[in-house]
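**Q** Kindly generate the complete structure, drawing on both the sequences and the hints.
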Amino acid sequence: MQHYRIISFLCSTLIMLGMALDGWAHAHGAVDDTFLTPWHAILYAGLFGSTLWYGWLTRQQVPPHRPHRMGFALLPIVAVAGGADFLWHNIFGFEVDISAQMSPPHILLACLIATLVAIPSSQRSASGSLSLWGAISGSYAATMMLTLTQFLSPLSAVYAETYSGGDTTRGIGVTGFIIFVAVWLIVLLWMHHHHAPRGAFLLASLALGSIHAAMSDDWRFVPLLGLCALIADIRISAFTPRTIAILWATTFSVGYFIILHYAGILMWGPTIWGGTVGMAIAVAYGVSSLTRVTPLPDRQGGIS
Amino acid sequence: MISPTTISDSAQRWVTRLQHRHAMAWMLVPGSIWFIAGLYLDGWAHNHGKVDNTFFTPWHAVFYSGYLLLAGTLGVIVLLTQLRGLTWQSHLAPPLRSAIIAAPLFALAGVGDLWWHTTFGFETGIEPLLSPPHLVLASSMFFMVGAAARLDNGTHRGWHQLPSIISIAAAWGVVTFMWQFNHPYGIVWPETLRGGGPGIMTGIAGLVANSALTAAVAIILATRHMPHGALTAVLVVNALGIALMGDEYRFGWSALCTGILSEGLWWWWRNTPSPARLRRHAFVVASMTSASYMAVIYATTAILWPIHIWLGAIVLAGVAGWALTIIMPFTAQATEH
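So the sequences go chain by chain: H and V.
For the first sequence, position 219 matches number 219 in my numbering, and the numbering has no gaps at all.
For the second sequence, position 23 matches number 327 in my numbering, and the numbering has no gaps at all.
In short, the hints are calculated from the structure, not lab data.
Treat the hints with care, as some may be off.
Taking CB as the label site, the calculated pair distances span [to be verified]:
no.: 1; chain 1: V; residue 1: Ile405; chain 2: H; residue 2: Gly226; range: 32 to 38 Å
no.: 2; chain 1: V; residue 1: Arg461; chain 2: H; residue 2: His40; range: 54 to 60 Å
no.: 3; chain 1: H; residue 1: Trp219; chain 2: V; residue 2: Ala341; range: 47 to 53 Å
Model, not experiment: these values are computed from the prediction.
Ideal placement from N, C-alpha and C gives every residue a C-beta, glycine not left out.
**A** Here you go:
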């Protein structure tokens, strides 16, 4: 059973590798105006290979059945999404810059990739805990969405180092930072809730940091992500999910601005960066509130 | 310390009655409404040049008297607890304890704000919304006005939950007030080309974040069995409050459409298994918030963003709303209070 899980994880990793290489190639001008690039070959090999692998697992009746069936069912949808992207380009033209990231077919493809790469996270141990491979695969979904919106990511778009644009630039910088913190906290709390093994969040954070760093050639924040993940991974038994979330948000946001101060140019004044740290902590409080036990609404909409 | 034996039996009965969670939630309502109304009134005055360089304005009078009323109410609750011979630290519900701690913290943050201004100067542009002392003020206010909602343990249904609904609207009002620096009703980025690429990115970020926040509020209301119309009322009140800042009242229509359609779909999907229903609800509310926003802009001026972006932003908002539900551990147990 174990080797099935590892192959599923490798399929997800292949897709992420293809996505990262394609993103790197776009960011570094290593693409022509053609679909037939080595990067696309890796990405689509991962996509179609994964769906076919899940088809084989379905045929062999390897549990969990439902996620594997869903993975196989995505095969035609991946093809349709590719076709939809082609049609979209024909009708509305080729997107440039931010339009390329935000077009609906691209978002649909990103959502499909996020769903497909997260399938190994449905494989649980007898006690219901996440395996290391499953936890990292689940985090790939968030990494995919953060890469789609990398124009907001504080790892690759460092707005705190620029003063041009005034309040607009500062506004987007603060918002991007807060969105990033919120998304990565969801991953942390999800792993915590499903008892992912120690080290899973560290590896997931390093994968996220490396992908963003490769695209922007800015590796300053990878060690910070690793350090914050190590701290969050300590998981002292007395710590509640809320404490862990606030600890991670505080260390990451304070560390981020310390790095910019000593290894860059921090153009934001203490009011803005201090406020951003405060907002990150508030976001950690808010996101961790979602982990409280939620009663199921009954058929009439009430609580059962 | 006041001993329970020092008050008469009838007074004791009144004290016991007022110590009921629901009664205490009702007691907090007037102060919460006054306090949040004062905040928005002061914000309106600042945005419309109705303030001089003085602290003594009518807007501040409303705002701080609202604070005093709510802090005073919390003081009365502490006193009632003492009259029963109990201590607020161990016998009051956690939401009330947080609010009682937040009340003096608000005053302390005011002093801290004075120090901040003296040390770093007065804030300009978006800085007032991000200044750390202002964030502490806002957080304290959040816990004070949100206490009534957190007291709701699901024993009352329908419009008996009005204190909870008002409290959720007030607490969300604090969040959106501080979010003004990138709220989609502030600068309406889809109808302007100024700012270029960064302007578009700012617009997308603000819209997606606001839509996800709206979805979070919808989930909170849905899991608390709020009566029909509660979500719509909360959305419209919040939209009109933020609209006050930039006179963008047209977005009240988008909040109304989002509320009615979301509640309609929530009711229509009543036979769907619950986690799936909640996740779908979060997606729909978030994407509908963005879609109705775009529809209002389209109807009143023009959307200058390419279709790739405005349609993509709607889909992305839905995904963000859905993502919030991933870490929600659905269970048939009662909520923790």
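**Q** Taking the hints in turn, state whether each one holds.
**A** Hints versus structure:
1. For isoleucine 405 of chain V paired with glycine 226 of chain H, a C-beta distance near 36 Å keeps the hint of 32 to 38 Å intact.
2. The hinted window of 54 to 60 Å between arginine 461 of chain V and histidine 40 of chain H holds, with their beta carbons roughly 55 Å apart.
3. Take tryptophan 219 of chain H and alanine 341 of chain V: their Cβ atoms lie about 50 Å apart, and the range 47 to 53 Å holds.
Checked against the numbered hints given earlier, the structure satisfies every one of them.
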